[in-house]
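**Student:** Here is how the chains run, residue by residue.
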Amino acid sequence: MFETMLSQSTFFAIMALFVLGAITALFFRKDDKLANLASSFFAILGSLLGIAYSIAAINSDAAIFYEIKSSFPLLSFNFNIDHLAAFFIFIISLISLFCSIYGIGYIKHYYGKYSIGGLGFFYNLFILGMLCVVTASNILFFLMVWEIMSLASYFLVIYERDKQENVKAGFLYFVMTHIGTAFIILALLLMYKFTGSFDFFAIKESAGSIPPLVKDIIFILALIGFGTKAGVIPFHIWLPSAHPAAPSHVSALMSGVMIKTGIYMMIRIFFDIFTDIPIWWGGVVLIIGAVSALLGVLYALTEHDLKKLLAYHSIENIGIILFGIGSALSFSSMGMNSFAILGLVAALFHTLNHATFKSLLFLSAGSVISKTHTGNIEEYGGLIKYMPQTAFFFLVGSMAISALPPFNGFFSEWLTFQALFEGIRSMGAAYRWIFIFSAGSLILTSGLALACFVKAFGITFLARPRSEHAKQAKESLFSLKFGMAALSAVCLLLGLFSGFLSGIFNNIVRGIRLFNGYEPAFSVSQSHIININSGFSSLSAPAIFVVLSLAGIAALAITRLLAKDQKVKIGATWDCGTDLGPRMEITATGFSRTIIMIFKGILKPSKQAEIEYRDANMRYFPKSRTLVLEISDVYRKYFYKPLYNFVLKISGQVKKIQSGNVNAYVLYIFTALILLLFFAV
Amino acid sequence: MTDYSSLQSLMIAAIFLSAVLLHLTKKNSSAILLYFIQSLAIGILLFRPLAENFSLIILLMAGLTLAIKAVIAPLFFLRLVKRHQLKFSASTYLNTPLTLIVIAALAALTNSRIFSHIASIEPASQKILSLAIAVVLVSFFLIINRKGAISQIIGILSLENGIVAFALFSGLEQSPALQIGIMFDLLVWVIIAAVFISMIYKQFGSLDVTELKHLKE
Amino acid sequence: MAEIIIWIIQILILPALSPLCVGIIRKIKARFQNRQGASIFQPYNDLWKLFHKDEVISRDASWIFRFAPFAIFGATLAVSASIPIFASFLSNNFTGDILTIIYILAIGTFFLALAGLDVGGAFGGFGSSREMTVSSLAEGGLLFSLLVLSFVSGTTNLFSISGTIDSLSLASLLPVVLAFLGFFIALLAETARFPFDNPSTHLELTMIHEAMIIEYSGKRLALIEWASASKLLIFITLGSSLFFPWGIAQSLSLSAIIFGILVFLAKALIFCLAIAVIESGIAKLRLFRLPDLLLFSFILSIIAIGLTI
Amino acid sequence: MELILIIGSPIIASIANFFSKKRKACETATIITGAIALIAAVSAALKVSSGGTYSPNDYFSIDALGAIIITLIAFIGFAAALYSVSYLKKETAKGIIDFEKTRLYFILFNLFIAAMFLAASTSNPIIMWIAIEATTLSTAFLISFYNKPSAMEAAWKYLIINSIGLLLGFFGTLLFYTALTHGQSAVFSWDSLLLNAKNLDPMVAKIAFIFILVGYGTKTGLAPMHTWLPDAHSKAPAPISGLLSGLLLNVAMLAILRFKVVADAAVGSQFSGNLLIWFGLISIVLASFIILVQKNYKRLLAYSSIENMGIAALGFGLGGIGAFAAILHIIYHALAKSLLFFSSGNIFLRYSSTKIAKVKGMLTVIPATSLVFVIGFLTIIGVPPFGIFMTKFYILSAGLKTHPIQSIVALVAFAIIFIGFLTHASSMLFGNAPEEISKEKENKWAIIPLIILITALVILSVYLPPSFKALIDSALTKYQ
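Going down the list, the sequences are from chains U, G, R and A. The C-terminal residue of the first sequence carries number 681 in the working numbering, and the numbering is unbroken. The C-terminal residue of the second sequence carries number 217 in the working numbering, and the numbering is unbroken. The C-terminal residue of the third sequence carries number 309 in the working numbering, and the numbering is unbroken. The C-terminal residue of the fourth sequence carries number 480 in the working numbering, and the numbering is unbroken.
Careful, some of the hints might be misleading.
Pairwise CB distance ranges, derived in the manner of DEER restraints [unchecked claim]:
{"#": "1", "chain 1": "U", "residue 1": "Phe679", "chain 2": "G", "residue 2": "Ala119", "range": "20 to 26 angstroms"}
{"#": "2", "chain 1": "G", "residue 1": "Arg79", "chain 2": "U", "residue 2": "Leu675", "range": "38 to 44 angstroms"}
{"#": "3", "chain 1": "A", "residue 1": "Thr53", "chain 2": "G", "residue 2": "Ala119", "range": "31 to 37 angstroms"}
{"#": "4", "chain 1": "U", "residue 1": "Asn617", "chain 2": "G", "residue 2": "Lys213", "range": "56 to 62 angstroms"}
{"#": "5", "chain 1": "U", "residue 1": "Phe12", "chain 2": "A", "residue 2": "Gly268", "range": "46 to 52 angstroms"}
{"#": "6", "chain 1": "U", "residue 1": "Lys163", "chain 2": "R", "residue 2": "Ile299", "range": "46 to 52 angstroms"}
{"#": "7", "chain 1": "A", "residue 1": "Tyr463", "chain 2": "U", "residue 2": "Tyr518", "range": "41 to 47 angstroms"}
{"#": "8", "chain 1": "G", "residue 1": "Lys26", "chain 2": "U", "residue 2": "Ala664", "range": "19 to 25 angstroms"}
These aren't lab readings, by the way, just hints derived from the structure by calculation. Predicted model only: the values in this text are computed from it and were never measured. All residues carry an ideal CB built from backbone N, CA and C; glycine is no exception.
Please model the entire structure based on the sequences and the hints provided.
**Tutor:** Here you go:
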């Protein structure tokens with residue numbers, strides 16, 4: 001069955017479906033309903049075919065390579081789908097399937113306000129771009145689809161263009177991605193310079209001819225370039241403003257899948273193309289991962305806009321993925337390839353998990369925002385009574401992201417922990433402390449993530465509604481609920497079958513050149529027990545699920561046994577005598593204030609208090625008291641603003657050349673002539 | 001044939017001197033006079049080959065060039081000067097001693113090793129050729145130095161005279177078609193320059209080029 | 001057949017004994033304050049009473065408030081089945097891993113905090129906020145102290161750790177001692193004991209754990225009280241059977257099992273004594289002094305790791 | 001035969017306009033002659049791409065690069081003719097100009113096109129010089145079309161600086177001419193120059209090329225000699241600045257290239273290559289900084305032309321794939337820049353101000369033009385689906401091989417330009433338009449020329465027709 005699926009026509013059928021979706025969306029742009037249906041229909045078809053194709057590709061070991069010549073030199077549209085690329089096609093298609101289903105209902109609230117045809121066009125183009133990015137194997141073709149992906153997502157970010165902050169967010173996003181691409185162009189061209197070919201295959205063959213110093217430069221450039229796309233800490237400032245600005249099903253795709261294309265290319269370059277890896281690469285990636293994870297979750301705690309909070313969590317999870325990659329780099333540089341496979345499997349598993357639970361969270365956030373018309377969680381409260389299903393799906397998403405056992409988040413974090421523990425045990429003196437620092441940052445991050453999602457879920461869905469909007473919220477349409485339900489089921493299933501999945505990841509990673517022919521450091525027994533390093537630690541996902549459910553049932557049985565016929569009376573919450581207004585509940589600021597004060601060295605919070613008195617000169621009875629708590633944006637203040645002002649200062653000087661005086665202009669020509677005569681001759 | 005070489009060196013000296021004096025004149029009319037002298041010298045040089053092989057075309061050509069350069073252009077400018085009562089040309093950027101220093105430096109540059117290879121074109125008149133290039137550079141500097149619109153135009157025309165002098169001395173065979181083309185071009189250029197000067201005078205009320213400084217950045 | 005009986009004892013022993021443990025600590029504290037104090041079986045009576053009382057649930061509460069006690073108690077049940085109490089020969093490589101038990105306990109904390117927020121009272125809110133702050137900082141110290149043991153014994157499976165620790169040479173004793181100090185601080189933080197939280201008061205300034213369960217009554221309050229008691233016993237068992245595994249049953253023989261149980265009870269008693277002494281001895285720390293204490297436990301464990309390898 | 005049509009038809013048109021009294025006659029004459037010239041140019045190009053350089057007599061010869069430039073002039077000239085008809089109709093409606101002015105406009109417009117055709121197709125360097133001098137003179141009046149003081153000032157500076165540049169260019173041509181005088185009285189043409197470039201003294205050849213580069217470089221707008229370009233291109237009427245930026249700069253670049261081939265034969269390609277690279281680099285860096293702080297969108301487009309000419313110079317200086325990319329770059333830049341200037345014309349007609357700060361909410365007021373404007377500015381800043389990304393990439397890949405530091409500096413400059421352009425474009429496109437801007441529908445005829453240019457740009461960015469590719473390859477063999 002797999003061979004028929006793997007023919008070239010199916011792959012191009014997937015592409016054709018998305019192109020068709022884009023064109024029909026534009027074609028029907030006059031009629032909103034038709035445009036939405038057309039674009040979502042083709043997107044769903046395309047992703048279904050994509051899932052089937054990727055599963056077939058992962059299972060077959062045939063080297064799949066399609067080539068189409070182009071009329072331009074050095075550019076040929078060739079696609080190379082090995083196991084790694086097939087895995088990323090699977091992620092893209094899976095998430096875009098559910099987001100497109102979700103989109104059918106969600107786009108309804110844009111009817112009449114914005115151009116639905118435009119949204120459909122750029123949405124399909126965006127997915128097509130991502131599919132091509134993970135399969136392109138010619139440098140020029142890769143850079144083309146990479147920028148088309150950023151261009152399409154730019155237009156999606158500024159979709160609601162009447163809001164000024166969306167336009168600013170879009171601008172910052174497009175500029176940062178473009179600067180990232182400049183670094184990537186430099187890295188890839190350096191590779192071209194030393195291997196003389198534009199095709200990743202040929203570069204792979206002659207990678208040995210790249211001198212070590214140039215290899216390090218390429219590593220740094222690639223790390224910065226793809227790190228900007230992945231949202232790694234110093235280059236992350238575009239992510240918290242760009243992802244929330246896009247429509248929710250698009251920000252789910254962007255946060256869940258697009259930032260992973262950066263991770264894909266890092267794995268492709270560091271493991272597939274380079275052979276002997278110097279030791280310090282792993283250390284750098286680990287440190288960046290640790291910083292991104294820790295600071296990502298701390299900024300998420302300070303955030304009160306639901307989608308911004310989720311965007312910061314993407315940064316945190318990218319940090320966790322970088323732990324996997326960093327440990328794999330360190331192990332392979334020390335020659336311990338079996339442990340490196342463990343690290344990379346942890347990274348890939350967490351990439352898949354993060355894609356599922358982050359898009360689930362964004363979709364449920366989207367359904368909440370579309371019903372309450374505001375992103376600020378301070379104005380929510382009590383939504384679980386008006387939107388019970390969305391609340392349940394958000395709860396599943398929060399449990400998955402804070403790595404609570406039955407769900408998939410726990411198992412990939414567990415594998416990442418194992419990789420870090422192996423690092424602590426077996427690495428050399430200095431690197432051991434980097435591994436310890438990373439393990440510490442990971443455990444602290446997962447603790448703070450748990451606190452952050454208690455805040456996010458609790459303040460949004462529990463207690464009493466704190467604004468009029470929250471009161472009128474109603475449950476969203478069926479297609480939204482279906483999208484979210486499917487994703488929560490996927491989160492649970494991925495958790496349960498993590499044993500089986502690690503086996504699959506194992507042969508995906510062994511498809512990469514650096515690792516083929518090595519035995520992984522973990523084994524999966526029939527009863528789904530993942531056994532690390534022959535007995536160091538082991539775990540079985542289904543067993544945990546069974547034990548937890550049995551324990552729950554036991555608790556129910558005990559209460560049923562002991563408390564047979566007690567009545568349950570509905571009363572009022574304890575209110576010390578005054579009637580309990582909605583303002584009595586704890587707010588998001590209050591909830592995270594303690595943690596912010598503990599980490600005030602890093603976050604540098606600032607506090608502004610204003611008191612307005614009833615009678616100006618008699619300052620005893622305050623009329624109103626406002627408190628503004630801000631977190632200073634360290635990166636803009638100390639790195640990006642000064643850099644931008646420096647460039648502006650230079651252009652201020654350069655502007656003076658056009659002084660308006662003809663004699664000066666002629667003098668420029670005269671000096672140019674004289675200088676040339678002196679020096680060039 | 002020696003008298004011709006002394007005639008040539010006399011003429012090139014006249015051209016160079018007029019170019020230098022253009023820097024120093026205060027009045028527009030004397031600038032126009034200097035340009036007239038320069039064009040006259042060029043005309044004479046044009047007529048010299050007639051002495052050896054008389055051909056009607058070359059006579060016609062030389063006559064036409066002389067007519068445009070020496071007669072039409074100065075007349076145009078004199079009419080302009082009279083119509084707008086522009087007695088005094090605007091001042092220069094550098095005071096006189098400094099200008100002379102720069103001119104000396106330019107002359108030294110043209111005789112230096114850079115241009116020594118120019119001799120390979122016409123070994124006989126090596127000195128004259130470098131003097132012609134000196135005229136080019138000096139009149140180029142004139143455009144930078146003077147603030148008046150008319151003196152800038154005259155600077156450009158004297159630059160053109162320097163190039164023609166260089167062409168004559170480097171023995172470039174003059175095909176009549178090219179000569180006519182260049183002369184026609186010069187004529188159109190002088191007319192347009194004159195039209196523009198009157199337009200600028202109408203818009204800005206004076207011909208001082210430093211007025212034109214609104215198009216910044 | 002004997003295996004199954006052992007498993008049944010293993011599962012039942014912790015929930016059964018945990019109220020006794022709380023009773024003993026209260027008794028010792030009372031003796032310190034020169035008063036008679038209630039009998040050590042008083043907690044059983046309280047539970048029995050609560051299970052048979054009617055229940056009042058707030059109008060604003062959602063299904064989370066109703067479901068949370070079962071999740072919390074279930075979590076403690078699951079953990080008590082997968083940690084070595086008196087027999088280290090039982091091999092449970094399904095759920096017996098350090099990370100698994102830490103994260104299963106985290107489920108309990110997660111639902112407890114949500115239940116605190118659910119009713120919309122002021123107390124529940126800041127209770128959950130303080131609880132999440134303390135537990136997120138304590139997890140680091142807890143994991144790293146247990147990690148020291150796994151590096152020393154070469155495996156993260158709890159049962160095999162307790163099996164290998166007692167055959168340890170004295171040379172590697174220092175890291176284990178440091179790790180135990182770190183672990184003990186984390187124990188006090190996780191089970192809301194003295195320097196972190198005052199279990200016996202309802203004063204807004206000092207209570208963290210009590211604030212979250214203030215709205216509960218009837219059988220749900222019983223379940224939660226029982227769960228926090230068994231969580232205390234879980235940590236005591238971890239402390240005793242991992243750091244001081246001497247006397248734990250290595251083989252299936254009846255005498256070894258009985259001896260193992262008795263030794264476990266003695267060790268648990270010593271732990272309760274230690275906790276009660278601390279509760280009577282020192283004052284509760286201010287909330288913003290807690291991170292320093294937790295950081296201290298984290299640093300201790302990291303030094304211990306540094307020493308092991 | 002085609003040559004007579006190409007050069008003759010615009011001249012006939014301008015003479016006809018000179019005598020015609022009615023506006024309709026001028027417009028139809030210009031459009032028809034533009035169409036004829038386009039057909040003739042395309043057939044000439046096809047002939048050249050199949051049969052090598054086409055030289056009917058010793059004064060005219062169209063080689064491969066000449067054919068490309070001529071087709072470009074014909075195509076964009078035709079689009080400009082269409083656009084200026086509707087542009088001037090709108091301006092007369094707004095009372096800025098009267099019939100007398102439109103007649104003068106059409107006369108000079110056709111003269112300008114004819115001069116460019118002559119410059120690109122002649123085989124004699126001095127006739128090329130005369131033709132380029134004629135373009136300067138014909139556009140001088142077009143720049144001072146709206147006789148406001150600023151237009152006058154721009155025209156004056158344009159005249160002075162370009163005349164000096166061209167005189168220096170003439171001096172360089174004469175220096176090259178000295179190579180021919182040794183004995184034979186061969187006709188002075190590119191091929192004869194190339195044949196006996198050897199007997200030029202290397203030092204003289206270098207000095208000659210320096211004069212040519214500084215002279216014609218002024219006309220191309222390369223860095224230190226670019227100062228006239230922003231004033232001239234921003235004050236001229238939109239169609240004319242489209243032609244100035246799109247075509248005239250390329251014709252001047254063609255002149256430099258023709259002399260570069262001769263200089264390479266004399267002293268080897270290293271000398272001229274380095275000069276072109278340095279001039280290109282300075283233009284890119286200079287333009288990038290000024291674009292960042294630009295306040296007037298027409299001057300913004302003018303500086304972008306300086307930058308793009310710098311890229312073309314860099315490409316030709318690097319040679320190999322760089323030269324191929326530079327030829328493609330000239331084509332894409334011509335199409336995209338004229339597109340942008342025409343749409344800036346529409347913007348000016350609607351907002352009647354060239355200040356970026358005054359233009360807000362373009363997408364809501366003039367959706368069709370702003371869509372074209374978006375595609376134009378995406379092309380200029382080098383975003384992939386459109387061609388300039390490809391050419392910038394080729395030049396960078398060629399540059400990184402031989403001149404790594406220069407290519408990195410160029411890459412940084414491209415990033416700064418990207419930021420500058422995106423800031424200005426997004427501040428113009430989004431936001432809500434000021435109330436007094438009229439919201440009426442756009443005139444169909446103002447959009448059609450833009451759509452013609454866009455289709456050409458998109459088709460060429462994605463697919464190079466084989467005959468077109470053959471033309472470029474044969475051009476490459478000569479201008480390597």
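**Student:** Tell me the hint numbers this structure goes against, listed in increasing order.
**Tutor:** Violated: none.
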